[in-house]
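Enquirer: The lines below spell out each chain.
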Amino acid sequence: MRYAYYPGCSLEGTAKEYDLSTRATFRALGIELEELPDWSCCGASSAHTTNHLLAVALPTRNLVIAEKQGLDLVAPCAACFNRLVTAQHKMEQDARLKGKVEQVVEGEYQGTVKVKAVLEVLATDFGVEKVREMVTKPLKGLRVASYYGCLLVRPPEVTKFDDPENPTTMDALVEASGAEAVMWPHKTECCGGSFAFARVDIVEKLSNDILAAAKSNGADCIATACPLCQANLDMRQKAIEKQFGTTYNMPIYYITELLGLALGLEPRSLGLGTHMVESLRLLREKELA
Amino acid sequence: MKEKLSELKETVARLLKDRTVDFFIAYQAGHSQVEPIPFFLTTAEHVENLFLNNFCAHNLSKYLLDYLAGDEVVGVLAKGCDLRALKRLLTDHRVERGRVFVVGLPCIGIYDRKKVQEVYPAGLVEVVEEGEEVILRGETGDKRVPRKEYLLPRCLTCPDHNPEFYDLLLGEKVANGPLAEEDYSDVRALEEWAPGERRRYWTRQFERCLRCYACRNVCPACNCRVCCFDVAEPRWLGKGTSLDEQEMFHFTRAMHVAGRCTGCGECERVCPVNIPLMKLNKKLAKDIGALFHVPQAEIPTEVEPLGQFRLGDPDEFN
Amino acid sequence: MCWCGSNIASTVDLDRVQKAVEKLTNVVHVEQNKYTCSEPGQAQIVAGIREHNLDRVVVAACSPRMHEKTFQRTVAKAGLNPYLLEIANIREHCSWVHTSVEEATPKAIDLLRAAVAKVIRNTPLTTSTIPVEKRALVIGGGIAGIQAALDIADAGHQVVLVEKEPTIGGRMAQLDKTFPTLDCSACILTPKMVDAAQHPKIRLLTYAEIEEVGGYIGNFEVTIRKKARSVNEDVCTGCGICWSKCPSKAPNEFDCGLGERKAIYIPFPQAVPNKPVIDRENCRYFTKGKCGVCKKVCPAGAVDFEQEDELLRERFGAIVVATGYELFDHSVYGEYGYGKYPDVITGLEFERLINASGPTGGKLKRPSDGKIPKTVVFVKCVGSRDEAKGFPYCSRTCCMYTAKQAILLREKMPEAEAYVFYMDVRTPGKGYEEFYTRATEEFGVNYLRGRVARIYPKGDQLVVRGEDTLVGAQVEIEADLVVLATAMVARRDAAELAQRIGFSYDQYHFFTEAHPKLRPVETNTAGVFLAGACQGPKDIPDTVAQASAAAVKVAMLFSRDELETNPMVATVDEGTCSGCEWCKPTCPYGAIDIKTIEERVGKRTVSRRVATVNTGLCQGCGACTVACRSGAMNLKGFTNEQILAEVEAICL
Amino acid sequence: MSVERAGTGVSTAGWEPKIIGFCCNWCSYAGADLAGTSRIPYPCNIRIIRVPCSGRVNPQFVLRAFQRGADGVLVAGCHPGDCHYSTGNYFTRRRFLLVKRLLEYLGIEPRRFQVRWISGSEGQKFADVVAEITEQVKALGPAKMDKMRDVM
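Chains as they are written, first to last, in the working numbering: chain A, 21 to 309; chain B, 51 to 368; chain C, 163 to 814; chain D, 2 to 153.
No wet-lab data here; the hints were simulated from the structure. Glycine is no exception: its CB is placed at the ideal position from the N, C-alpha and C atoms. A hint or two may mislead.
[What the hints assert, rightly or not] Below, a list of computed lysine-lysine pairs in the PhoX-like style, where the Cα atoms sit at most 25 Å apart:
1) B/Lys52 with B/Lys329
2) C/Lys592 with C/Lys536
3) B/Lys137 with B/Lys164
4) C/Lys757 with B/Lys137
5) B/Lys54 with B/Lys289
6) C/Lys502 with C/Lys389
7) A/Lys88 with A/Lys134
8) C/Lys757 with C/Lys746
9) A/Lys225 with C/Lys620
10) A/Lys258 with C/Lys502
11) C/Lys551 with C/Lys502
12) B/Lys137 with B/Lys336
13) C/Lys411 with C/Lys326
14) C/Lys389 with C/Lys363
15) C/Lys620 with A/Lys262
16) B/Lys137 with C/Lys363
17) C/Lys326 with A/Lys110
18) C/Lys536 with C/Lys231
19) C/Lys574 with C/Lys551
20) C/Lys354 with C/Lys339
21) A/Lys180 with C/Lys354
22) C/Lys502 with A/Lys235
23) C/Lys620 with A/Lys235
24) A/Lys225 with A/Lys180
25) B/Lys164 with B/Lys198
26) B/Lys54 with B/Lys67
27) C/Lys536 with C/Lys458
28) A/Lys306 with A/Lys258
29) A/Lys258 with A/Lys157
30) C/Lys679 with D/Lys139
31) A/Lys180 with C/Lys746
32) B/Lys336 with B/Lys198
33) B/Lys164 with B/Lys52
[Unchecked claim] Simulated restraints on C-beta separations:
34) C/Gln669 with B/Pro322: 31 to 41 Å
35) B/Ala340 with D/Ala132: 30 to 40 Å
36) A/Asn71 with C/Ile534: 50 to 60 Å
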């Protein structure tokens, strides 16, 4: 299995761990990734609020490169994934827009490349059962709340990914890793997203709801597949605790970190230990790291 | 096809002798090699007069309509196209399957008498097929011509080289598949003309019509017990020959077979004044395919295209 | 020729028309009058017919849609067959739309010429009569069916009331109180159920379904499948020993599965008939082959394990369809938990939970843990007015029953809070708006205008998150119980039943009335009538009104011994018909059949297939005539001959 | 039938086209009645033949009209879905989609033959349709079928 890899800007910055763990986990599973040459910004989150043409043109530039590469494209970042599939959807619907965009990016868009989220590659293309077979260090005793956020599942007619109200792809992978997937209702609730810069109060309230729900449903930690979700829940956790007078101390992992661990990879090689909320202590308590 | 003659003779003789059929409809020799004519056999002694070659165009199943009132079992020789005609009669409930014994005849094409006679006005002995070509072997020597150009039009697009069903098949099945796709190019060409030009074209055609009704009589879809052209009241059609009555006739005939025409082209073949009737039938077939998604190959259908509708049919009438 | 005062005469030069028409072949007498439809005008026609011994009449006047019937009666008075009359419409189609005499006059002449050409080809038509079997079939034993059956029976006619459940009563029996009066549903329904059961003219067939329907108005042939009850109804006394001793339990459908019943059971205490039925899927005797307790304890010896389905063939003159509705399945709403949260219930489930004879004895306990809810959220328009996941239509009853349920909650448990999420509050009914006002003002029900976006569990509660669009803010309510006002939808087998009987239904599978305003209880199949929610969402008052209307239609039909059929029906010339059957699929009424006739050909008799028209079913549209190539199929009153003659007369 | 005036040498001075309208009793005939009761004027060239349903209109009626000298023919019925007999006009639609194309193929100017859906409440539409057809047919000139010979 071989994919084109589109890291996007987050994975080079705040979500470095996601990049590390995705590459490491994929390598361990034997899935080859070939970084998209000369990739550029997908436009999230500002392009589509300022210029509709730009919002489609930016992802399309990357799609056109991927088409030349002739591989399906993995975009680990949920925002990148969402922008890429939205661009595809829009051009499918509107031939005139497609013509304009092609002019802008100076290339022809065929629509031959499939854009995939990490979860889809792992659960569907590779297969949950095969993941389970390759697990060497089952994450026994770890209770994980799978948090999908909004960008992977909405709008469903565009993302075509799992059930928008109650997705289960990540839960299946969590179970495959030997951990316990906690049933909880906040899988696709909004974390506040990029409102983090403008309205901290809203983000803190929304993220608090998510943390509280995970805790009250018995989770030890949360697994994510989106840099922004991870950042809001992890980076702001201290502030939230202060704001709402509560204590969570809940590690926020990327799903690829947990899987890598279960596959027997070194925690440090996955970026573990660099989160804001101490991420290794819980694992040591459970004798998983 | 000729080579199957002896098998045909044996078969017909046996069917008549063991009373499987009460009589049999096949071909006998006509004025010349290119003009075989229908042959109605009642006893096995007559099988020696049977005839078969690749000019046997007549659709014999239409004659079944003459034997409706009775209980005889009629044997009939049927090529793929004839079987479609028989299916038409069965679908229209005009003939009971139980009263027909079908002897299927695999066929790779029937030659157009008129075209061959242009090359060989008289004295043709036989036609020998050699791949893409045929040799017209005559008393005055051989002529080698491209096969496709001398076949009947229906044979070019024929989807059924073997009859779809039969009670008994003469010889082995032959390779199937049409020689050419029906692209309605002749219809399309006419559609491109200016309306006035088209009007003049059809006027020239209909003017010649003798109202002999041969086209109707040979047509498997024209199988009404009483034809509307033959009744006095209501007067669907005047008795005189005038251009407007001729046009009324051709319009009505075309509409009556719309969605029911099997595409055999017998109407055109038998027209003594060469009116291109298939240009009308094919126009309707083409539109029925495009508007209602019933391709010619699916006709006869269980419910005719004009006897049904879809809520989502095209609507241009507002 | 009518002047219609100056309506016609001022625009059409009738003298010139008269001169032209007098010259037409077959025309022997032309006269004008000022108002032909008036008494003297009609008398003039009668006199003209008698004096000139006329056998055809053309009236040139207003539209035949106006006075054709009037003038048919006029010519009949003179002893002429009413169908030997034609109308030339020289008012609506001529004098009223053309301004100059020069325009209108030649056109009037053409119209008269066409009418004359047609009328000479008219033939006397007689309305044949078909006998009326004065027995009605009512399908569905809910309030609609019960009301219709009672009204028809009270009019003196036999009724068979067929219900597929073991008891009549339907949805209304499941309800607790009714709006806007808050009287108890059972208290007003059960007496009617008993009336229906005891009425000498009504025969109840419960636990029975319609298998097949043939025939036509006045003469339907219906096969009814009486499902095996495993209890001999004639012998059973309804003492109840069997169900008290039965060891097997199953969820009680009547309580929406919230309570349990036995395998041999009556759905609820006031069931009519009060005779149990064995649910064979859950009965130990039928599943495991041993038990038979009910049979052993039955003092009447009524339990019969060997009983089989019975097929009854009955004749009816009319059918009332009153099959009711189902509730929308809210499990398509992922945001409301896909129907998986036990404390998210439907309005009907709420009815059972507060009903004294319900599974909780009338104490509102929530399904998950039996706790008494302190905060209840009602969500309206679940599946209604939602094209994305439900249906675009309004279910009409939810606004009112939600108000009722909120009132009942607050009345029973004043300490409990009631919140209602709504899109609009629709209260068009007598006393309805006042009732809603009481809910908000007197009972303090909190109405929030907005959709609910999400329901999720939090602890043992449910968080209902929605929008209050009047305030412009998100609201979250931590509720103990959420009640969804789910849409009323057509029964899943509605389309199948409509096809079986032969009438039409709409895109939502509600049955279609013959005219949305003027014929609301008839179907397009004569003799089949509609009552209640099978035709569209309805509350009880509307349902009862429609049921009584349907009953009157039936009684009207039964007031005659014979029915006059529409004489303008299709007719087959058997000599011409080839029996090809292509006319059949064009008939919307299934009025065309194929029959075999025998005829002499030479010395022998042969049989031949021809089409035949059921004149009881044919409505005279003429679609079949065009499908017939040979012209064997013709339409009386609009024959091929007549229409061609009109064309030729106009083109002269 | 669709022979254009030019070149025929037939004088058309004072000529008024004759148009036959087949109207279904329940919708289009009622629509025409409504045009009357609302006093909406329209050209006098149309002559209406009442039929129970547009599905009753045999294509042969239409051709007969042209054959006998009609210059235009209108078939009018209820809007699809509104047929008094449920389905009649769906057959009308199928049939006349073909007829219209066949007539055009025979060289008959398609504007001479029109099918329209006119409901009982569309008096104005009825008047508009008649005005439109009349105008178009007037522009096309007379269409007598037997005049064709003159052109040849």
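Enquirer: Hint by hint, say whether it matches the structure.
Expert: Consistency of the hints with the structure:
The suggested pairing of B/Lys52 with B/Lys329 is violated, with an alpha-carbon distance near 32 Å, which exceeds 25 Å. Distance check on the hinted pair: C/Lys592 and C/Lys536 sit about 32 Å apart at the alpha-carbon level, beyond 25 Å; violated. With a C-alpha separation of about 28 Å, the suggested pair B/Lys137 and B/Lys164 falls outside the 25 Å cut-off, and the hint is violated. About 22 Å separates the Cα atoms of C/Lys757 and B/Lys137, which keeps this hinted pair within 25 Å; it holds.
For the hint pairing B/Lys54 with B/Lys289, the CA-to-CA distance comes to about 46 Å; that exceeds 25 Å, so the pair is violated. Between C/Lys502 and C/Lys389 the alpha-carbon distance is near 33 Å, which puts this suggested pair outside the 25 Å criterion. Under the criterion of a C-alpha separation no larger than 25 Å, the hint pairing A/Lys88 with A/Lys134 is consistent with the structure, at around 13 Å. For a cut-off of 25 Å, the pair hint linking C/Lys757 to C/Lys746 stands: about 12 Å separates their Cα positions.
Distance hint between A/Lys225 and C/Lys620 is fulfilled; the C-alpha atoms sit about 16 Å from each other, no more than 25 Å. A C-alpha spacing of about 35 Å is found between A/Lys258 and C/Lys502, which places the hinted pair above 25 Å, so the restraint is violated. Distance hint between C/Lys551 and C/Lys502 is fulfilled; the C-alpha atoms sit about 17 Å from each other, no more than 25 Å. Annotation: proposed proximity of B/Lys137 to B/Lys336 holds, straight-line Cα distance about 21 Å (limit 25 Å).
Under the criterion of a C-alpha separation no larger than 25 Å, the hint pairing C/Lys411 with C/Lys326 is consistent with the structure, at around 21 Å. At most 25 Å may separate the alpha-carbon atoms for a hinted pair to count; C/Lys389 and C/Lys363 meet this at roughly 23 Å. Taken as a hint, the C/Lys620 and A/Lys262 pair is honoured in the structure, with Cα atoms around 22 Å apart against an allowance of 25 Å. For the suggested pair B/Lys137 and C/Lys363, the alpha carbons sit about 55 Å apart, so the restraint of at most 25 Å is broken.
A threshold of 25 Å between alpha carbons decides the hint, and for C/Lys326 with A/Lys110 the separation of about 51 Å lies outside it, so the pair is violated. Distance check on the hinted pair: C/Lys536 and C/Lys231 sit about 68 Å apart at the alpha-carbon level, beyond 25 Å; violated. Between C/Lys574 and C/Lys551, the direct Cα distance comes to roughly 34 Å. Violation of the 25 Å bound is thereby established for this hinted pair. For the given pair, C/Lys354 sits about 16 Å from C/Lys339 by alpha-carbon distance, which is consistent with the 25 Å threshold.
Proximity of A/Lys180 to C/Lys354 is assessed by CA-CA distance (about 54 Å); at most 25 Å being required, the pair is judged violated. For the given pair, C/Lys502 sits about 22 Å from A/Lys235 by alpha-carbon distance, which is consistent with the 25 Å threshold. In summary, the hint linking C/Lys620 to A/Lys235 is supported, as the alpha carbons are separated by about 11 Å, within the 25 Å threshold. This hinted pair does not check out: A/Lys225 and A/Lys180 have alpha carbons roughly 29 Å apart, beyond 25 Å.
Taking the CA atoms of B/Lys164 and B/Lys198, the gap is about 14 Å. The hint holds against a cut of 25 Å. Distance restraint check for B/Lys54 and B/Lys67: the Cα-Cα separation of roughly 20 Å lies within the 25 Å cut-off, and the hinted pair is therefore satisfied. Of the supplied pair hints, the one linking C/Lys536 and C/Lys458 is violated, its CA atoms being roughly 47 Å apart against a limit of 25 Å. Distance hint between A/Lys306 and A/Lys258 is fulfilled; the C-alpha atoms sit about 23 Å from each other, no more than 25 Å.
For the hint pairing A/Lys258 with A/Lys157, the CA-to-CA distance comes to about 31 Å; that exceeds 25 Å, so the pair is violated. About 41 Å separates the Cα atoms of C/Lys679 and D/Lys139, which puts this hinted pair outside 25 Å; it is violated. Of the supplied pair hints, the one linking A/Lys180 and C/Lys746 is violated, its CA atoms being roughly 47 Å apart against a limit of 25 Å. Using a Cα cut-off of 25 Å, the hinted pair B/Lys336 and B/Lys198 holds, with the two alpha carbons roughly 23 Å apart.
Between B/Lys164 and B/Lys52, the direct Cα distance comes to roughly 20 Å. Compliance with the 25 Å bound is thereby established for this hinted pair. Distance hint check: the CB atoms of C/Gln669 and B/Pro322 are about 55 Å apart, inconsistent with the given range 31 to 41 Å. The hinted range of 30 to 40 Å is satisfied by B/Ala340 and D/Ala132, whose Cβ atoms lie roughly 32 Å apart. In this structure, A/Asn71 and C/Ile534 meet the distance hint of 50 to 60 Å, their C-beta atoms being roughly 56 Å apart.
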